[in-house]
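Asks: Letter by letter, the chains look like this.
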Amino acid sequence: MPWPRSSNLSANPNRDDAMSKIEFPLITRHFGSIDPESLEAYVAAGGYEALKRALTEMTPEAVLAEVEGSGLRGRSGGGFPAGRKWRVLREAPGEKKYLIGNGSEGDPGAFTNQTLMEQDPHAVIEGLIIGAYATGASQGYIYVGHEYPLAAQRLRLAASQAKAKGFLGDRILGTDFSFDLTVRRGAGAYVCGEETALMNFIEGNIGEPRNRPPYPFQRGLWGQPTIINNVETWANVPVIITKGAEWFARIGTEKSKGTKVFTLTGDVKNTLMVEVPMGTTLRQLIYDLGGGIKGDLEFKGLITSGPAGAVLPKELLDLKVDFESFQAAGGNMGSGSLVVMDQHTCMVDVAKYFLQFSHEESCGKCTPCREGTKQMLDILTAITNGEGREEHLPMLEDLAAVMSGASICGLGQSAPNPLLSTLKHFRAEYEAHILEKKCPALVCRPLLKYTIDPETCTGCLACLRECQVEAITGEFEEPQEIDHELCVKCGMCYAVCKFEAVKVES
Amino acid sequence: MIDQEKFEEILSRYAGAPEDLIEILHELQEEYHYLPKEELQAVAQRLNVPLTQVYSVATFYKGFSLEPRGLHHVRFCQGTTCHLHGSQRLQEGVVRRLGIGPDQTTPDGQLSLERVKCVGKCGAAPVLAVDQDYFGEVGVDALAKILKPFRKPK
Chain A
2 MPWPRSSNLS ANPNRDDAMS KIEFPLITRH FGSIDPESLE AYVAAGGYEA LKRALTEMTP
62 EAVLAEVEGS GLRGRSGGGF PAGRKWRVLR EAPGEKKYLI GNGSEGDPGA FTNQTLMEQD
122 PHAVIEGLII GAYATGASQG YIYVGHEYPL AAQRLRLAAS QAKAKGFLGD RILGTDFSFD
182 LTVRRGAGAY VCGEETALMN FIEGNIGEPR NRPPYPFQRG LWGQPTIINN VETWANVPVI
242 ITKGAEWFAR IGTEKSKGTK VFTLTGDVKN TLMVEVPMGT TLRQLIYDLG GGIKGDLEFK
302 GLITSGPAGA VLPKELLDLK VDFESFQAAG GNMGSGSLVV MDQHTCMVDV AKYFLQFSHE
362 ESCGKCTPCR EGTKQMLDIL TAITNGEGRE EHLPMLEDLA AVMSGASICG LGQSAPNPLL
422 STLKHFRAEY EAHILEKKCP ALVCRPLLKY TIDPETCTGC LACLRECQVE AITGEFEEPQ
482 EIDHELCVKC GMCYAVCKFE AVKVES
Chain B
49 MIDQEKFEEI LSRYAGAPED LIEILHELQE EYHYLPKEEL QAVAQRLNVP LTQVYSVATF
109 YKGFSLEPRG LHHVRFCQGT TCHLHGSQRL QEGVVRRLGI GPDQTTPDGQ LSLERVKCVG
169 KCGAAPVLAV DQDYFGEVGV DALAKILKPF RKPK
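These protein sequence lines are chains A and B, in that order. At position 426 of the first sequence (counting the first as 1) the number is 427 in the numbering used here, and the numbers step up by one without a gap. At position 44 of the second sequence (counting the first as 1) the number is 92 in the numbering used here, and the numbers step up by one without a gap.
Hints were generated in silico from the structure; no laboratory data involved. Misleading hints may appear alongside valid ones.
Stated by the list, open to error - Below are the PhoX-like pairs computed for lysine-lysine, each with C-alpha atoms no more than 25 Å apart in a straight line: (1) Lys375/A x Lys110/B; (2) Lys438/A x Lys490/A; (3) Lys425/A x Lys439/A; (4) Lys375/A x Lys439/A; (5) Lys196/B x Lys499/A; (6) Lys295/A x Lys315/A; (7) Lys504/A x Lys490/A; (8) Lys110/B x Lys366/A; (9) Lys85/B x Lys54/B; (10) Lys193/B x Lys499/A.
Please model the complete structure; the sequences and the hints are all you need to start from.
Replies: Written out as structure tokens, the structure is:
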């Protein structure tokens, strides 16, 4: 499938003059313009020039200084400065050191890493090789999410091509520097996107996270010093070496440098993948690039970064895309998945959806996450079933505090984020479910009532055939009727009615 | 019975270290569409890892199955956009038509159902996939037509 993307970034009217002089895009620059299965195409587009430059003109220390000076921060969540991580690894004692490229990307609605690995695998690999040179690592791994077989296939092909040309393997480009790389396919566990769980995966174990300390840079893969960065972070490295730290640091905001790739999905006119400089506002993303809300309905909220992220209301549309702003809003930039929601979305249902996700994906190792997600899900299910009680809301907040404070990894710590942010910005909606037993957005099934308008119904029997509990009765070409005792409110009749004769209310 | 030739061919591609376990399980899963018990025992022996660990890995990850799966895989996308656009209703429609739930296989071994987190085709939500064919903006009324070709035995 061709990926949806905006190629016309210069159309952004709010770029200042300094910005307009910078060549965009950085990470997505090769997408669609070079054959991702051809090393020659990558080299012809300037690929592996950064590696040559690093190895022949720069010391490892100089490369490290360049990455530190660029202000590059980890693209997968916390936004930890990449250069600082690299330096710690470089200075860590130990013969064998490891690098990992994290291409797990399990968030629903995120496909930036997938597209990067599929469309420009050599850029990720070149970044890792340069990183190895700067840090003294001798072995690298790239972890590719289970859902992305093509990405794994192309990365493997790219690695073998790079090896054949002397960019990877023993004595790279004739120097004393050697580095090998292995691509590992995930087996289907969201938690493996967490760095220590990922290390357990690579060692051939189940993907349960480890307690910290010791941190991976102290004891990582097989007990050796290890650092892990997202594949998008690695793909930034060749750009920094080619263009220089100073050039790179001019893009973005004071504390968040460079660009970020986002996937914009949901109730937006243009579903797209887009790379923007840090500091772009959400409004620009949704309205200038995404074309606004589908069907010109009203914007209700934006989910950032899936099950670990926050739901932002329209008051926060002018939020700038950078690490600090996202954290202040109660989430993180993470995978760059942005899901736009219109007025037909129930925020309690959204929170329940993400808790269901986190509950299913919790590995079960630590109690706060394993039991906390279950309890939260049970309470939210009760609320959406019309069995919510007023004391449920403070209970949810208490649970959230325990989970964020006591879970051993990011999954459990951030699982309450969608709940907390919806509770903060859309509390009235929770209260409507609990106090009035109504779902204002007409989503939560037990709170709905379906009826058939006898004036509009043509008696085509489409609804009758679809009703699984035989709650609909009536003769052919006569108005149908719903038996509310039998109705399970699945909404199938509503979905199949071509004449809009089925009405729903709460 | 283990197909020795096939088994040896798969193992010959690896050094035989414990860390190769997951990759080998991937290959077995692709070959047989599930992980046969005897092969798992043989893998444990050859990699010198306890069978309990092989079992825990085989059951921890969703990509592995200890039960044979159907010839064709129906996957419902559970991504956020699909959820907002009625994936649950779609799933119920499929379950009702096939008479099997998620992670189950039809008695004739033709179709199995799977819920997946996100297939990355959010622009076409809700999405249903049968093997490598993706169907976008699927309404319940379109299901019969989509599923029909896959229900006939080859």
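Asks: Next step is simple, just say for each hint if it's right about the structure.
Replies: Structure-based check of each hint:
Restraint check: the Cα-Cα separation between lysine 375/A and lysine 110/B comes to about 20 Å, which is no more than 25 Å; the hinted pair holds. Distance hint between lysine 438/A and lysine 490/A is fulfilled; the C-alpha atoms sit about 15 Å from each other, no more than 25 Å. Distance restraint check for lysine 425/A and lysine 439/A: the Cα-Cα separation of roughly 19 Å lies within the 25 Å cut-off, and the hinted pair is therefore satisfied. Between the alpha carbons of lysine 375/A and lysine 439/A the distance comes to roughly 24 Å, so the proposed pair stays at or under 25 Å and holds.
Straight-line distance between C-alpha atoms of lysine 196/B and lysine 499/A comes to about 23 Å, which keeps the hinted pair within the 25 Å bound. For the suggested pair lysine 295/A and lysine 315/A, the alpha carbons sit about 16 Å apart, so the restraint of at most 25 Å is met. As the CA atoms of lysine 504/A and lysine 490/A are separated by approximately 12 Å, the hinted pair is consistent with the 25 Å bound. With a C-alpha separation of about 17 Å, the suggested pair lysine 110/B and lysine 366/A falls inside the 25 Å cut-off, and the hint holds.
A distance of roughly 15 Å separates the Cα atoms of lysine 85/B and lysine 54/B; the hinted pair therefore holds under the 25 Å criterion. Simply put, lysine 193/B and lysine 499/A have alpha-carbon atoms about 18 Å apart, close enough for the 25 Å limit, and the pair holds.
This entry satisfies every hint, going by the numbered hints stated previously.
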